[in-house]
Each structure stands twice: as C-alpha cells, then as structure tokens.
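Protein chains in written order, with the numbering used here: chain A, 14 to 240; chain B, 189 to 282; chain C, 4 to 626; chain D, 15 to 158; chain E, 45 to 533.
Derived by calculation from the structure, the hints in this document are not laboratory data.
Remember, predicted model here, so these are calculated numbers, not experimental data.
Possibly wrong hints are sitting among the right ones.
To be verified - Covered stretches of chain D, going by a simulated chain A footprint (3 or more residues, C-beta under 8 Å):
(1) 38-44
(2) 63-75
(3) 106-112
(4) 143-153
To be verified - In silico DSS-like links for lysine-lysine, alpha-carbon gap of 27 Å or less:
(5) D/Lys-133 x A/Lys-48
(6) E/Lys-120 x E/Lys-101
(7) A/Lys-201 x A/Lys-48
(8) D/Lys-132 x E/Lys-277
(9) A/Lys-167 x A/Lys-117
(10) D/Lys-133 x E/Lys-120
We put the CB at the ideal spot given by N, CA and C, even for glycine.
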Amino acid sequence: MQRWTTILFLTGLSIVLFAIITPLVLGQSPMLVGKLINASAVNDTGAANLVTAVVLAYRGLDTLGELAILFTAATAIGIILGTTDKTQTTSSPTAGFIVATAAKVLFPLLLVFALYIILHGHLTPGGGFQGGAVLAAAFFLLTLADSGNNIKHKVTQVIEALAGTAFIVLGLVSFALQGVFLQPWLDKGELGSLFSAGSLPLLYLALGLKVGAELANLLSSLANVEK
Amino acid sequence: MNIIILVITVSMLVIAAFYVVWADSFFTVLAASSMVSVGLVLLFVLLRAPDVALTEAVVGVALTGVIYALTLAKIDLWKINDNDDNNDVSQSKQ
Amino acid sequence: MSVLDLDHVFFLLIVNIGIAVLWGNRPFVGKILTLLYILEGLSILTSYHVLLSGAVLSSSLTFTVMQQTVQWQLGVSGGFFALITFMAAGLATWFSSGVWARSYAPIRLLHSYMALNVAAMLLLLASNDFLGLFIAWELVSLVSFLIIAINGGRSAKAAYSYILYAFLGAMAILLALIIIWNATNSFSYVEVRHHWSTMSVNRQLIVVLLLITGFGIKMAILPFHRWQAPAYAYVPAPVAAFLGAISSRMGLFALFIVLLQVVGIDVIQTLWLPFEIINMQTFLLWLAALTLIIPTFIALRQTDARLLLAWHGIGQGGFMLLGILSANALGTAGGIMHVFNHASYQAALFFAVFSVSYRTGTADLDRLGGLVTRMPISFTVMLVGIIGLAGLPPMNGFVSKWLIYKALLDEGMPLLFLAAVIGTLGTILSVYKLIHNTFLGQLRLEHENIKEVPWSMSIPMMILASIVFITGYFPGLLLESIAAMQSTLGISVVDYHLGGVNTGKGNLNMIVVVSTMLMAIGMGALIFFVLGNPRKQVTQWDNYAGGHFLTSDMRYQYSHNFYPGLMRVISPLYRNTIFWLESAIVSTVQFMAHISYALFMQANYLLYLILLVVISLLWVLAV
Amino acid sequence: MMIWDDIFLEVDFWINIVSIALIVIGIYGIVFSQHLLRMVFGLGLLEAGVNILLVKAGYQKEAIAPIVTQASDTMMSNILAATAQMVDPVPQAMVLTAIVIAAGVQALALSLVIRIYKKYGTLDSHVLFLAMERDRHLSLNQKD
Amino acid sequence: MQDSLILLVVLPLLLAFLLPVIARYLGNLSGLTGSLLLLFNILLLANAWNSVGYSPKVILLGGFAAPLGIVFYIDKLNMLFAILTTIIALLLWPCRTHNTDVREYVLWLLLLAGCYGVILSGDLFNIYVFYELLAVASYGLVTLPATGASYIAGFRYLMISALGSAFALLGIALIYSFTGSVNIAHLAQIIPDHLHHIWGYSAALLLIIGFGVKAELFPVNFWVAEVYSHADKRVTALLAGVVSKIAVLIILRFIILLFPWQDIFNFLLLLGIIGVIVGEFAAFYAQDLLRLLAFSSIAQSGLVIIAFACATEAGIMAGIALAIHHLLLKPALFLLASHCDRSINDLAGLAKSSPWASALFVILALSLLGVPPLPGFWAKLLLLQSLMAEQYLLLLVLVLLATIVEAAYLFRLFMLFYQRQEMPEQKRITIQGQELYPVITLSGILLLGLFFLPLFMDSLREIAMQTSNIEAYINTVLGKVQHIGEGNI
C-alpha cells in the first residue's frame, strides 16, 4: 500500500510542477535588468567577469547578507557542537603514510590555487566563495593527515573577524566618501589587468579569507566532535 | 552535439537522485548525492554559467560531500554495506 | 443647580472605592460606606427635579476616538435606576457593616467589589451612545464576575459559567454594534435612530435579535437563564440582596433604552421573524411570559430558600419585560415600576432569609420551622416581602402587576394575561412554602434559644419593608418619575395621581384600597380584643394532627413534595432541556479542542505543508 | 514523429525534466523518509532542483557566458557588441548565493543530526518525536 | 540623514563579526555593547522618523538606479516596525550571566540585522536573503538551551523553514523567468496586469507559503507549539512577537504591491480564519502555559493575516493596530509564563506567592482578549469594522466565536491563579522584582498608549493611507521613470 501512495504522490506532484514550468520556454525570458547590466557593467565597475560585477557592485548587499548567513551557520554549529577553545585530541586513527606525505605536498599547491581563484575573481569565473572553500579544504587536509595539530581556533577566529570587518569597512568607506554604502570606489584600471575593477578584488579577497577561515573552523569542529 | 551530453547528464542525474532517496546504505547515498552535484556542474556549464558551475563544484561536491562524510562518521554509519551488522542499515531503511 | 452634578457623584464613587480598598476590614468603615452611598443617592435626589423636567446631568468624562465622541450623561431613566442602585447598595452595606462583618472574613474584598460594582453600574446608566454603553457593559459584567466568585468553590464555578454567558452576550452586542456602525457610520443613539430605516429588513431583524440575546443574557431571559440562580444564591448576604435587586436589571435598562428609544416599539411591531411565523413583538412577549412561568415553577421545587428566591428573580425579570414591551402607557409604567418594587421586596426577602441562616446556620427549608416566636421582626419583614412578591394589595407589587394586567387586557392579549396569572399563581404557591417552612410550623429543638438578629441587620430590613408598604400605599411617588421617563423616551405617558392611575376603563386608587383594608383589619382587631382576647397560651406539643398526639422527635414539617397534587400533574413537564443543550455545547467545544490540539501534535508534519502546496497549485490550475 | 522530435531535441524540455525530477524526489525524500539524515539529503536535492530553474531563467539562446574574454583590444564598441549576446548575469549571482545558503543550512542541519544521535542514539523521526513529547512531559511535572 | 538608515543593518553585522574577538578583552561588557548599539539605532530611527514624515524615501545600495541595484524603501510603516523591533530587542536583551556564551550575542545581533534588512529592503531577492539570515539565526537561537528536546524541535523547525524557503526561491525563479527583474517597484508595474494568469498565481502562492512559515500561516505553523515551549524564554518572546509580525509585514507588501488579486485575498482569508479557530481551540486544550500562549499567538497572527487580507485601507489600519498590540503584548506574556513552566493545574494559587506577576498576567490577558477599556479592544474593533466594510459576515461571526473560546481558557487560568489554597511549599513560584522590569515597561507602553489613543489612531490612519498608495511607492523608487523596455512579455 505504501508503495502505491508514494508513486501516486510522485506522479501527481510532477504533473502539477510540469504544468507550471513547461511554458517557461528557455531563452525567451525578458532580460529587462540583465540587458541594462550587460550594457553598463563594464564601464560602471571595470570588471571583466560580469557575474562578479553583479555579485559585488550591483547586488553587494546580497553578498553581505550571504556572508552573514554563512557566519551565523558557522557560529551556530560552533555552539551546537560545543567546541570551545580547548583543543581536545580525537582518537581517530592517524591517516596512512601516503595521505600524510600527499597532504604535505598538496597543501602549498592548494593554497596557491585558492589565492589564484580569489584574486582573479573579477576576471575569470571564481571569486570569494569558491576560493574560500578551497582554502578551507587546504587547511582541512592538514588535520586529515595527522589529527594531532588541528587548526588553532584562536588564529582562524581572528582572521575571520578581521576579514569580515574589512569587507564592511570597504563598504563604509564608500559610504563616507560618496554617501552610498558598498559603492565600488578606487580607479577602475584598464580592463582585464590584475589590478582593475577598483575595490571589487579587495572585497573578494576579504570575502575569500573570511569564508576560508569560517569553513576551516566548521570542518575542524565537525571532525573533533567527541566520538 | 551538446544535446547528447545534456541527455546523458540528465539521465545520470535522475538515476543518482533515485539512489539518494531509495538506496539502503548511507554510503551509497553519499556517493549518489555527490554524483548529483557533479551532474549539476555539467548542467551549469551547458547553461553558460561558469561561475555557478565552479561554486557548485567546490561547495556542492567538495564541501557538502566532506561535511556529509564527517557526519556519517560521527553517527557511525560510515561502513561499507557488509552484511554482519545489518541492524544499522535496516534501522536506517524503514 | 450646577449641571455638572454627575462629576460629584463620580468623585464620591471614586472616594468610595478608595476607602473600601484601603481600609475595607476596619470595623467602622461599613458605616462610612453606607453613608457615602446614601450621600450619592441624595446628590441625585437633590437635582432630581432637573431630571424630571427632561434635562440631563452631564459629566466631564468624555473622549473622542475615530471621530466618535463618547460622552457620559445621566437622563431621567438613568437617574431612576441609579436611585434604586444606591438604595440597594446602601442598605446592603449597612446590613454588612454591623455584627455580620465579624462573621465574614474577606470583608475588604466584599466592600471594594461592591463599590466597583456600583461605579460600573452608574457608568452604564450614564452612557448615552452605543460605544459608551458597550464599554460600561463589559466593565459591569467583569466586575459582577468578581463579586459572584467572592466565596470560591461552588460560587466560583457559577461565576465561571456566568462569565462565559456574559462574553457570549458581549460578542452578540459587539456584532450588533458593528452592523449598526456599518449602516449609520456613528454610534450615537440619535444618529442610529435617524438612519435605522436605511438598513435592510432582515439586517434590522438580525440586529434586534442580537441586542436581545446580548442584553437578555444579563436578564437571564429563557434560553440563557441557567447561570443566574446558582450565581445569585451562593454569595454572601449583602451581595445576594444587591445582585438580586438591581444587577440583572441592568440588562433590562439597556433593553429599555435600546428597544424603546433607539429602535422604537413601532419598528418592533412591524418586524416579522423569517417565514412570517410570528411578529417580533409577540415573539418577545411570549418569551417574557415563558421566562415568567418556567423559572417560577422551577422555584416551586427548590428546597434551598436562597435558590428559591433567585429563581423568582428570573421569573419577575420576565414579568418586567412583559410590561415594557406591551407598547401601552400602563404596561411600560407597570414594567418600570415593577423594577423598583421587585428591587425593594427581593432585597427584603434576601435579608430575611440570610438573617435566618445567620442565626440558624442554614437556609435549607427542610431543617427550619416555627421561628416566628423567636425572630418576630424577620417574620414581619418576610411577610411584607412575600405579600409584595405575590402582588397582593397593600404592597407595591400589586400596583405594578395590576398595571401590567390592565395593559395586557387593554392591548387585547388575553392569552398573555392568562400566562401572567399562571406565573403569579406559581409565585404565590412557592412564596407560601417559603414562609411556612421557615417561620410557621413546628419549632425544632436546636432552635430553642434563637434570638432575633442584631439591630444593625434588622434596621435595613425594616426600612425596606416600610419602603414596600409606602410605595404600595402612594404609588404616585414612583409614577411621577416614570411619567417623566416615558415623555423623554417619546412613548405614550401614563396619567397618574398620588394614589394610582386613572384610565378610561376603570382607574386604580391605592390610597382608597389600602385605607379601607387598614380600617377593616383595625375593626377586626378591635372586635377581637374587645371580646376579651379569648385565646389560651399553649405549648407547641399540646395539639394533635390526624387524630394522634405529636411527640417532639416526630417531624411533620417537610418541604420536598410540598404540593403533592400539583407536582403529580406538572412533574412530567420538568425535562430541563436547556441543561442538556448546554452540556452538549460544552462537550462539542472540548471535542473540537482535542482534535485541533492533536492536529498540531504530528510526527510527520511536513506532509501538511506539501498537501497545502499541491492543493493550492491544483486550485490555481483549475481557476 | 515530427512533433516528438523537436520536443525531444529541445534543450528546454530536458532541463525541465531534470529540475522537476530533482524537486519531486527531494520533496519525497524530506516528507516521506523516516531517517533524519535522509531528510537532509532530500533538502539538498530540492535546493539543487530550484537552482537549476533559477539559472535557466537567465539563459538566452545562442548566448555566451557573461565573461568579457578578449579584454586585450580595449575598443569599447566591440566589448559592447560582445556583452550584447551575453547571458543574463543576475540570476547567476542569485544562484551563487542560493547554493552557499543551502550549504550553510545543510551543515547546520547535519550538526543537529549529530547532536540528536549523540543524545538519543536513534535517528528515526517518529521515535524522536515521541521522545521530545516525553521530555516535555517530564520537564513539566518534576520541576523541583 | 535618512540615507544613514543603512547603518541599521550594517552596524549589527559589524559588531557581530567583531564580537568573538573583542569579547576576550571586553569581558562582561560585551552584552553592554549590544544594548548600546540598539540605543544608537533608536536615535538613528528617531531623527529619521521626522524627516520621512511626508513622503517615503529611497536608499540606493551601491549607487545604482532602481531596477539595477538593490534599493531600500523607507516609509512610515517600515520605520514604525523598525522602532518597535529595536524596543522589544532592547527589553529582551539577554543579561550577561556567567555561562552565557558570547556567541549568543552574535546570533542575537545577526537576527536583528536580518529583521532590519527584511523590513527596509525593497528588493525581492534581498528580502529572501535577509529572511534566510533571520531564519538561520533563529535556528541557532532555538537550540540554545542544549536539551535533547530543543535539538529535535530545532531540527523540525529547520526542516519546515528550509522547505518554505525553497518554495519561496521557486516562486522568485518563476517571477524572474517571467519578468526579468527582481525590484519590487519594477515588478509592481509589471505583475498586476501582465501576470494575472496561472504562473502569476502559482508564484504568489509559493511566495506566500514560503514566507508564511514564519508568519504562522495555518498549515505551516506546526513548529510554533514545539519551538515556543522548548526554546529559551527571551528567544521565544522575540520570535513570537517580532519575527512573526515582520513576516506578516512582508506578506502585506506582496499582496498590496505584487499580487493585488481577489483570489489571493480569499486564499489568505481562508487560511487566516482556519488558523484563528484551530489556534483558539488548541489553546483551550493545551495543558501547560507556554504551549497555551504559543497556540494563542497562532490565533493572533491569524487575525493579523485576516486584517491584511482585506486589502482596503481600513483593513491595513486594523492589521497594523493588531500587529503592534500583539508585538508589545506577547513578549510580556511569554516572559511571565516562562517562570511558571509547568502543567496548568500545578499553578493553582499563583496569586498568593507572586501577586504582582499574576496581576500583570491578568491585565495583559484581558487586553489580549479585547476587553473594552484596554488597547486590545480598539484594535479588534478596527478589525471588525474593516471586516464588516468588506461584508465578510461569516468571518466576523467566527472571529467573535473564537474570542469566546479565548475568554473560556483565559478565565479558567484566572480562576486557577486566584484560588484560595496555597501552592505547596516546595513547588512555590515567586517571581522576583528585577525579572518583571521588561514586563512592566511593556505593559506601561500599552496602557500609556491608551491615553494617546485619538492621536495614535490618526497617525495609524495616515500610515495605512501611505502604505496602500501604490503609485507613490513606484514613483519614489523608480523616480517617475516610465516602464523600461517591458515590451516583449
């Protein structure tokens, strides 16, 4: 009996959703705002990657909100899993020799790769969130290798706090200068070069560091939950 | 040409989604969920959204994958489905 | 006279509440409070002639919200009822200020609740638009909830059922208010009367029915009468007297104002219930007649004196409504006069019953008897009271009942007249049972050394009894203000003189009637004493009943099946359908509560969210 | 067969199929599964399905990714020409945020799952609901 | 000066980011910084209030014109809700005991930032992001007491809220694929006439259900009873009072600006009235005080939804009055109830051991009930008048019947409190003075409001007029720009 109800439910729901979604013919969605942004993004923000322009310049507050959400999730997980600053030693078996050496080799490479993604956020696809996650993966690799020296919470918390404040301060500076919060300031430089698109790369750098530190914190607190 | 790639990814996605919900051991569920994320990455690439594809790859596949793995370890379901301790598996099925 | 007289009264009331709350349990404070009540009554009396001439005592208590100015001012009808309230409150506090106070622990609560009640009632009497009326109405029902629940236990349960009925009534009135507001966009009486015809007929019908249910609940009209008897019976003596006298008449006052002044009796006559079954006025009159008959015959079966009197309070309420709605000068005059009369003898009877229970410790008629020799004053007061309640000539009850009978006959409603007579028959029977079982008959052993109640309790009783007799002797005193009331309301005015009323077809002059009776009794007493007062002092057991001697331990006095013949005939009629209806409603509410609680206690609650989404999307596709 | 061909060949049809499949299976995973962890997986699927739809909302036929690549020749005119046929970047920015929100919420849910498992030893939603009610009852009555 | 209102959202975030680090140096001052920030917010709002007096203002985020960038819309209604949120948050600010983790303050600050963002923002996706911030912060706060039951309740709350958010996102996706823009004013020009078909309706339904989770809309408010009885008392007070009213505010904005169709109003009216009736009856059956108050808050939110659903000016005025009244009253009741968290018949004789608390409880409950002289009556009167104006007679009767049931269980409580016999010695509850300060201030505000009632009513009418004036909203935000290229829908 249970089987029949599930199948009935599945088909019913999919038919309903299908009826609603099919008329959204692909490709004809009216890009009211999209066209305007495409046209004006390059000379407004100087960023080659238009998505970064939208994420940081046009809809900067969304990203700030997003950053806050990740920070809330991390703190809430910290509270729930109850990791205080004391570093307890977990009893998980130390990873094999291969993992340890691979970790040592891979760590610097991952670091470079992460920084590359963050710094080139306004040129190529990528940016703060993606770079930060890779950063966290790099740090977590170390704890995976030998569970002894896991991430020192005090350091990551300081990085996290500073990066977050940096992001907001960058916004506040534009508020002080032009009276509008989160407006891209600094000269735009010529398109495509590393130091172009004004304050966007700085914002992405702050974002990346904060996300990286936060996720590293999160992963280590997850790993160190008492067995 | 990319229609064929699209059809393959879509079918892979749907099968992986079935496995996520109906698989027995959580080990296969984790694998299936990562497969779904990978399929998603491919889709986003086809939909001309490289930024989103990269995010989905890093956050969807890597990060959530690791977090799920860690949780499975913590609630000691992190076992290949060998038949001696079926109680854990059966407990997770019903 | 300064027009702002009402402010003095309000000030005195606040002082009253202050004293009662702060020093309620001091010994002498009862007397001060009585003085204050009397002072308030006097301050209204002094400016009463202003009221009689149709003017109004205005007060500075006004506020405007949402373009509605809510103003409190006292008209002549408000003044008349205010006088009754102050009389009842003053005598009740006097009764409780003396020795009785020592026997009642929470005396401070009693005084403060009494003062709050009087203040709320005055606020109600002085309101002159619907919003002010509703605010005061809720205050009155809240405060009387407090005073009814004062004894805890049984009276708390009665108070809980009262407050539920009161909220039902309040919501009915609020709904009527909103419907009226929607039609007339204002709450003042004049505006509403002016725009009343703009409402569609069945909306008018709904409003009138809602108002009647709302105000009728306080008056315990038939379907809503179950709460009043236990609520007014299980309370301490002064509270029972006060409530019995005036509290349920607030509903009558509001109905009187709303139905006669705002809606107008002619509108009620033209309104027909759905499917033209019955005209609204006849429907209400029969409702009142049934409210007279059924509670009175329930009172007949009661064995507890307080319950008996409380059920009579409900019955007489029906009688008053009968008078007011008879759309005849005599009838309305009789109805309003009956309010005053009932207030006076109901309070007197309650005082008498409670003084008996103060001395003997019980009000149960089975365990009383033969107290006439021990408590003569209470006996006379009860005698005067039951004569008034039964409506026999020398007392004021007779005048108002006569007026109402005359009005019913003049209006050509013989069947209603018959119903009223049956009601009065029931009253006479139960009233005789009351006095016989308490004062006449066989004195019990344990009541050998009962003494009369102390003066502080018997003086108010005597004052009330004298009021009953005097207003019976000179009804003109009341009829003067009643006529003024009728003229302010714009209904036909009764032409009266000090002794009574003279109508085209036969007039009533109580002075003649009462003086002839007094002369006749005087002559009889004279002859009796002149012939040497030929009677022999005998002890109680020197007599026999049914052919054999009585011994002290044999009980031949009982109150259970007091009228066996009558009871055998009418006992099948007691099916208390309303009781079953009430408990049915209560159990449905509990059942629905159980379901909705279980609805929330779900293990798999996400199912409901998905069901909502699917159903609403399907509905969208369908639309 | 003609009608069927151009429907099947249409990119749009396949993307609708996959997003609806993911949403429906996700909802089924959340609503009908007994095991708490499976609910979290279902949530992941649901979010994925919705993200696909959001990205699809911005897709234009024969458009290119919203990245200005030939940044070298800084001629404003042909940059504008390039951006004209670009895909709408706004939904991509929104999806970026949505994915990270979903990750955050899932991480929080999983930490709750761990804490519940440590305290109650089981992850069956019915058993846990009864346990919650029992705790509530206990805490009500034996309040010291 | 009102441009500085963006600081309302930004400063709490800044402090939240900094707090974990500076808490080590501040020690127990860290709680104080939170309240100082709130005071600053009140100052900010106060002098912005008079500058926004006549016509609503707009703040451009990132300096881009309306449909491109994100826009904050400041009008009297938003300001009013922002001020009330700050006041309540200030009163409920967790006092610093020895074991409170500094991260609790962080979560409170983030919740507040989310609240401000949601109230002020004029952009659909931005509202979703701040709503999500609000939600995640409330998940964290709900599981603070760290008892097993609170974890389960938190998890179930998380699941239903996440599901709701997914539906809201689906709604946003639908809207975006039809209109191509996310700015509310821009959508308000397009949706009402162009999207009056299946997809417009389904987008509206999905959004309303998504945001209805927090607004305690009927079928999605199953979490209310569990969360309010397991969470910490100040968190429950905040959630019940402020957060649910903000969610209803969003729904109001949607049904006035985006989906002004009668079918949607009927849908909301139906859900609202079911919520009221089921809430009241469930409260009648509830065994313990906290759960009783939770169900009564479901009923109250149902009333607010009904008021907003008859989208006339009178309806909006009634809704705002009810929302404000409930926003001030419910936290006080929850604070009082949190001390006597045990089954109802153990509370017999509470009046003897803590007379002030029970007296306050009675007054507040009577105002909740709508007994005339108290402010609750005027709010309910406005609601009844607006319902009558719309000729919804059946709704009127059902609301009044629900009030009778409410009277039944409240008076049953009063009788229990004022029973004669003492509470048993060891189970006695005495609520000390300093616990009562927030409750006293809240009831003081309520009773004070009574004296300025006429003044309060007129300003309420003015706010309602400003809210229901859609052209003003579109013109201020889009700066009287005509429709931008919406040709090809």
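### Query
Taking 8 Å as the C-beta cutoff, is the stated coverage of the stretch 63-75 of chain D by chain A satisfied by three or more residues?
holds (count 7)
### Task
Assess, step by step, whether the Cα of D/Lys-133 is no farther than 27 Å from the Cα of A/Lys-48, and give holds or violated.
violated (54 Å)
### Message
Can you confirm whether the C-alpha distance between E/Lys-120 and E/Lys-101 stays at or below 27 Å?
### Response
holds (10 Å)
### Task
Count residues of the stretch 38-44 of chain D with a Cβ under 8 Å from any Cβ of chain A, then say if the count reaches three.
holds (count 4)
### Task
Mind taking a look at whether chain A covers the stretch 143-153 of chain D? Criterion is 3 or more residues with CB to CB distance under 8 Å.
violated (count 0)
### Query
Are D/Lys-133 and E/Lys-120 close enough, with their CA atoms no more than 27 Å apart?
violated (48 Å)
### Task
Assess, step by step, whether the Cα of A/Lys-201 is no farther than 27 Å from the Cα of A/Lys-48, and give holds or violated.
holds (22 Å)
### Query
Do the alpha carbons of D/Lys-132 and E/Lys-277 lie within 27 Å of each other, as the hint requires?
holds (25 Å)
### Task
Would you mind confirming whether the straight-line C-alpha gap from A/Lys-167 to A/Lys-117 stays at or under 27 Å?
holds (23 Å)
### Query
Under a C-beta cut-off of less than 8 Å, do 3 or more residues of the stretch 106-112 of chain D approach chain A closely enough to confirm the stated coverage?
holds (count 5)
Of the hints listed earlier, those the structure fails to meet are numbers 4, 5 and 10, in rising order.
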